[in-house]
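Undergrad: Position chain B relative to chain A; hints supplied.
Residue numbers (my numbering), protein chains in the order written: chain A, 1 to 651; chain B, 1 to 379.
No lab work stands behind these hints, which were simulated from the structure alone.
Ideal Cβ placement from N, Cα and C applies to all residues, glycine included.
It cannot be assumed that every hint is accurate.
[To be verified] Partial selection, computed: residues in chain A whose CB lies under 7 angstroms from chain B:
(1) E7
(2) N55
(3) R56
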Amino acid sequence: MRRPEKELERASRIVTRRGLVMGGLQLGLVGVLGWRMQSMQVGQAEEFRLLAEENRINLRLLPPDRGLIFDRNGVKLAENAQNYRIVIIREDAGDVDETLAALARLIPVDPAAIERAKEEMARRSAFAPVPIMERVPWEHVARVTVNTPSLPGIHAEVGLSRLYPRGQDMAHVVGYVGPVSDFDMTRGYLAEDDDPLLREIPRFQVGKTGVEARLEHTLRGSAGTARIEINAAGRVMRELGRDEGVPGRDLQLTVDSDLQRYLQIRLEGESASCVVMDLEDGDIRAIGSAPSFDPNLFVRGISVADWRMLADDKYRPLASKAVQDAYPPGSTFKMITALAALEAGEIDSEETVYCPGHLDVADLRFHCWRRGGHGNMNLHDSMTQSCDIYYYDIGQRVGIDAIGAMARRLGLGVQHDVPLSAVSDGIAPDREWKRRTRGEDWRIGDTVNASIGQGYVLASPLQLAVMTARIATGLEIKPRLVRSIDGIPQPSGRGESLGLNENHLRRIRDSMFAVSNHSRGTAYGSRIDAPEMRMSGKTGTSQVRRITPEERRAGVVSNEDLPWERRDHALFVGYAPYDNPRYAISVVVQHGGGGSAAAAPIARDILLQALYGGTPPLDAYPSAHRGRIQTQQQEMEQRAAARAASMRDRA
Amino acid sequence: MSYLEYQVKYVPSGLRKVLYLHWPLILLVTAVAAIGVLMLTSVAGGDMSRWAEPQMVRFGLGFTLMIAAAMIPLWFWRNMAGVAYAVALVLLILVEFFGVAGKGAVRWIDIGFMQLQPSELMKIAIVMVLAAYYDWLPLDRTSRPLWLIPPLVLILVPVALVLRQPDLGTALLLLTGGGAMMFLAGVHWAYFATLIGGGVAAVVAVFESRGTPWQLLQDYQYRRIDTFLNPENDPLGAGYHITQAKIALGSGGVTGKGFMQGTQSRLNFLPEKHTDFIFNTLAEEFGFLGGITLLILYGLIIFFCIVTALRQSARFAQLMILGVAMTFFLYFAINMAMVMGLAPVVGVPLPLVSYGGSAMLVLLMAFGLVQSAHVHRPR
Numbered sequence: 001m002r003r004p005e006k007e008l009e010r011a012s013r014i015v016t017r018r019g020l021v022m023g024g025l026q027l028g029l030v031g032v033l034g035w036r037m038q039s040m041q042v043g044q045a046e047e048f049r050l051l052a053e054e055n056r057i058n059l060r061l062l063p064p065d066r067g068l069i070f071d072r073n074g075v076k077l078a079e080n081a082q083n084y085r086i087v088i089i090r091e092d093a094g095d096v097d098e099t100l101a102a103l104a105r106l107i108p109v110d111p112a113a114i115e116r117a118k119e120e121m122a123r124r125s126a127f128a129p130v131p132i133m134e135r136v137p138w139e140h141v142a143r144v145t146v147n148t149p150s151l152p153g154i155h156a157e158v159g160l161s162r163l164y165p166r167g168q169d170m171a172h173v174v175g176y177v178g179p180v181s182d183f184d185m186t187r188g189y190l191a192e193d194d195d196p197l198l199r200e201i202p203r204f205q206v207g208k209t210g211v212e213a214r215l216e217h218t219l220r221g222s223a224g225t226a227r228i229e230i231n232a233a234g235r236v237m238r239e240l241g242r243d244e245g246v247p248g249r250d251l252q253l254t255v256d257s258d259l260q261r262y263l264q265i266r267l268e269g270e271s272a273s274c275v276v277m278d279l280e281d282g283d284i285r286a287i288g289s290a291p292s293f294d295p296n297l298f299v300r301g302i303s304v305a306d307w308r309m310l311a312d313d314k315y316r317p318l319a320s321k322a323v324q325d326a327y328p329p330g331s332t333f334k335m336i337t338a339l340a341a342l343e344a345g346e347i348d349s350e351e352t353v354y355c356p357g358h359l360d361v362a363d364l365r366f367h368c369w370r371r372g373g374h375g376n377m378n379l380h381d382s383m384t385q386s387c388d389i390y391y392y393d394i395g396q397r398v399g400i401d402a403i404g405a406m407a408r409r410l411g412l413g414v415q416h417d418v419p420l421s422a423v424s425d426g427i428a429p430d431r432e433w434k435r436r437t438r439g440e441d442w443r444i445g446d447t448v449n450a451s452i453g454q455g456y457v458l459a460s461p462l463q464l465a466v467m468t469a470r471i472a473t474g475l476e477i478k479p480r481l482v483r484s485i486d487g488i489p490q491p492s493g494r495g496e497s498l499g500l501n502e503n504h505l506r507r508i509r510d511s512m513f514a515v516s517n518h519s520r521g522t523a524y525g526s527r528i529d530a531p532e533m534r535m536s537g538k539t540g541t542s543q544v545r546r547i548t549p550e551e552r553r554a555g556v557v558s559n560e561d562l563p564w565e566r567r568d569h570a571l572f573v574g575y576a577p578y579d580n581p582r583y584a585i586s587v588v589v590q591h592g593g594g595g596s597a598a599a600a601p602i603a604r605d606i607l608l609q610a611l612y613g614g615t616p617p618l619d620a621y622p623s624a625h626r627g628r629i630q631t632q633q634q635e636m637e638q639r640a641a642a643r644a645a646s647m648r649d650r651a
Numbered sequence: 001m002s003y004l005e006y007q008v009k010y011v012p013s014g015l016r017k018v019l020y021l022h023w024p025l026i027l028l029v030t031a032v033a034a035i036g037v038l039m040l041t042s043v044a045g046g047d048m049s050r051w052a053e054p055q056m057v058r059f060g061l062g063f064t065l066m067i068a069a070a071m072i073p074l075w076f077w078r079n080m081a082g083v084a085y086a087v088a089l090v091l092l093i094l095v096e097f098f099g100v101a102g103k104g105a106v107r108w109i110d111i112g113f114m115q116l117q118p119s120e121l122m123k124i125a126i127v128m129v130l131a132a133y134y135d136w137l138p139l140d141r142t143s144r145p146l147w148l149i150p151p152l153v154l155i156l157v158p159v160a161l162v163l164r165q166p167d168l169g170t171a172l173l174l175l176t177g178g179g180a181m182m183f184l185a186g187v188h189w190a191y192f193a194t195l196i197g198g199g200v201a202a203v204v205a206v207f208e209s210r211g212t213p214w215q216l217l218q219d220y221q222y223r224r225i226d227t228f229l230n231p232e233n234d235p236l237g238a239g240y241h242i243t244q245a246k247i248a249l250g251s252g253g254v255t256g257k258g259f260m261q262g263t264q265s266r267l268n269f270l271p272e273k274h275t276d277f278i279f280n281t282l283a284e285e286f287g288f289l290g291g292i293t294l295l296i297l298y299g300l301i302i303f304f305c306i307v308t309a310l311r312q313s314a315r316f317a318q319l320m321i322l323g324v325a326m327t328f329f330l331y332f333a334i335n336m337a338m339v340m341g342l343a344p345v346v347g348v349p350l351p352l353v354s355y356g357g358s359a360m361l362v363l364l365m366a367f368g369l370v371q372s373a374h375v376h377r378p379r
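The following block holds chain A by itself, in its conformation from the complex:
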């Protein structure tokens, strides 16, 4: 079809015009695209680059190696042992239930552990390894490894876990670690701690009790980081860089683990505690509480049955009685009453008080432990024979405020800075204390009770050991549990002079010497015979019940006839050698009966062990006892050897 030339030209003009309009529009849009590209890639590039890095890089925390704990001789008390654990990776496992069932057919697996693993798997991404079992014995690891083809997604891994080679010997001192709990982080001692390790590492182990908990931040170290490149699914592609963390610092304790073992074995069978302090520098050479428990059980995750057994035991194996229990110190408090009276100038050491067996104070009758009375008593005799009336009298004369002040000066009623759990303050009462805590006025009867360490007075075995150490040296000795941190020695606990009159102290020490060396002394039966090692001390028997007048009339019931919970506490404090004191000791046998019968022999044996640095020669003991002691020593050695062997096996 021919078209007129004119029409063709017009058509061509229209197309040209419209083509140019279209081209202009296109150019405009290309400009918009270019501008957008520029604004994103030049203007906002930094912003987007940051987002891309955030996408790509994950910081993975590398848990630091926890610091080790040694005793004073370099014996390991807490170490990090390699152990095998079995983990499962969900995405490799396919049918998780089937795989776990196959695993359970191969090796014994706790059904609770399987449930735990399944819960954890549901929370974590499919490629994260979830531990099923820890501390798997080697033969089980071998069985799993050999059967890898039939156990998709299941691997054996090597990890570090805390091991306490000295087991129950050190349970109350070293404590134990466990996975950090919500409680720890919200209300517990880690509430202020914002270390990412606690939140990021599954089942991160933190100290739960004892030194492990109190020195958590020293032992923990700080996390290293690995910069990991991840893809969109969160899978690790490669490690971009690694910053090794700082391992926790190693601790050396002042404790002598052999003495500690002896102490624990010697206390076995009783609910008792004992503290041995070095008078040179305040070092705690041994601090034990019986019965004890195996801290390794807690690291592994204690079974309900084991837990119930420990928690329901009326002897309270979990309690660290040496520091967290406070007992009425009974007669071991008499040194304080006497020193307070001497320092106040209320008495002189030769002044006598007549003991008829009882004392009436403000309508109340207070009795001496010896119903018939002791007759005329001076300081020396009252201490040796533990007459109560003498102290009732001088206590009233000097007044409770002076007694309380002296008690605090000697370390009672104050908290000592040792890194152990639940360290008790005890109570060194005075008027102000009673008003503050009870809202009542102090009564004279309270003073009478307090003067013999009953009533409101409470002291922990550690405080009693400190008191004894201060009496023995006249120095303000402070207990020290940590000898060095990463090789850096910690300040000595040997303090300045207490400023007490040396003559008064000598009187007290002489009396304490007589307690265990004078034939009428209450601890004469537990004396040390070796002339250069002789012991000074003081027995105590503290009542945990009130003896009613009816009971008294019916005749005092002997401890053996009472149920255990109502028997007296047996206490002994002492130091040796008497003329050049090296160690102070305190022993409390809960509901053990009389101090001279139940506590003093234990204290004597442990002191000798400390003095001789091992089993003492038999001639350190009174000749009449040597036969019995020899049998006892042999038995103790056997038990110590058995215990050492059992711990070696387990480790």
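TA: Below, chain B without anything else, positioned relative to chain A:
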């Protein structure tokens, strides 16, 4: 232009035609395709055999088709316009019955050696058929309502078929491309003003209809619109892809992270990285300079096409070339706007770069037609 007219004017013949090809255009097309091969190598982590090699094979095939098409006189292609449209329409209908599904849509038919996407074929067929229609239609009838019906039917039938697949992106492309043809042919401005008014009304209707029984779009299409409007609202859900795509693009900065160093695409944060979102990998690894270079190459292709069209005197050639240019422009403009977060994600590939056979072959064929017009233009 008839055979006789063609004979009387001087045109090169035989192999001499090769000398008269529009070589700058061929070079530009090849350069863009080379960038595509480079990026396909990069997104496969350096593995050429995964996407780059098949893409090169297709480019080779398409290049041959392009040169072959250029050798054939334009009047043949004009006469073939109706046939091409009919074939594309039949194939589009066949997709309805024998289509192969992929990514929630039925867009492909299996023709043995490759999976053909007839909607891509339709993009060029519709340009041809409309150019032929307006070449035939006397100019004074162009704007008459009655004569608007045939082109509208020609456009809307394939659009409806494509929407059924469903493929919103291609439908939009066909609609806009066809509309542009009508605009170029000289249809009166008033129609377009009305249409744009109607379009705005339609958009309102689309939004208003949501959740009612007469809902106009599929739920997934609404979600894409939501995602487009507020990708940050749901960065891990529906907005994830566009957010990650923008991060990839933006983080490239001016010079980029380097070849195969793009973390977003390497670590699979980037979606559809070898097809629709391949531009983001380019922008991430070669930065603003890389991105703007590609944009300039595209712009130059359009520019040369428009210049060629304006030097033509035959109406069919003019309309056809401008139509091809418009279609090509719509491809990359919609794709780029989409991956930069300027437009909703509708699934339009980046022309000559994205992995995909049909679009590559069809676009090269279209450039073959442009070349044919260029070679056989009256001098």
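Undergrad: Holds or violated: is the Cβ of R56 of chain A closer than 7 angstroms to a Cβ in chain B?
TA: With a closest approach of 5 angstroms, the R56 of chain A hint holds.
Undergrad: Holds or violated: E7 of chain A as interface residue toward chain B, Cβ cutoff 7 angstroms?
TA: holds, 5 angstroms
Undergrad: Does N55 of chain A pass the interface hint, meaning its C-beta sits closer than 7 angstroms to a C-beta of chain B?
TA: holds, 5 angstroms
Consistency note: the structure conflicts with none of the earlier hints.
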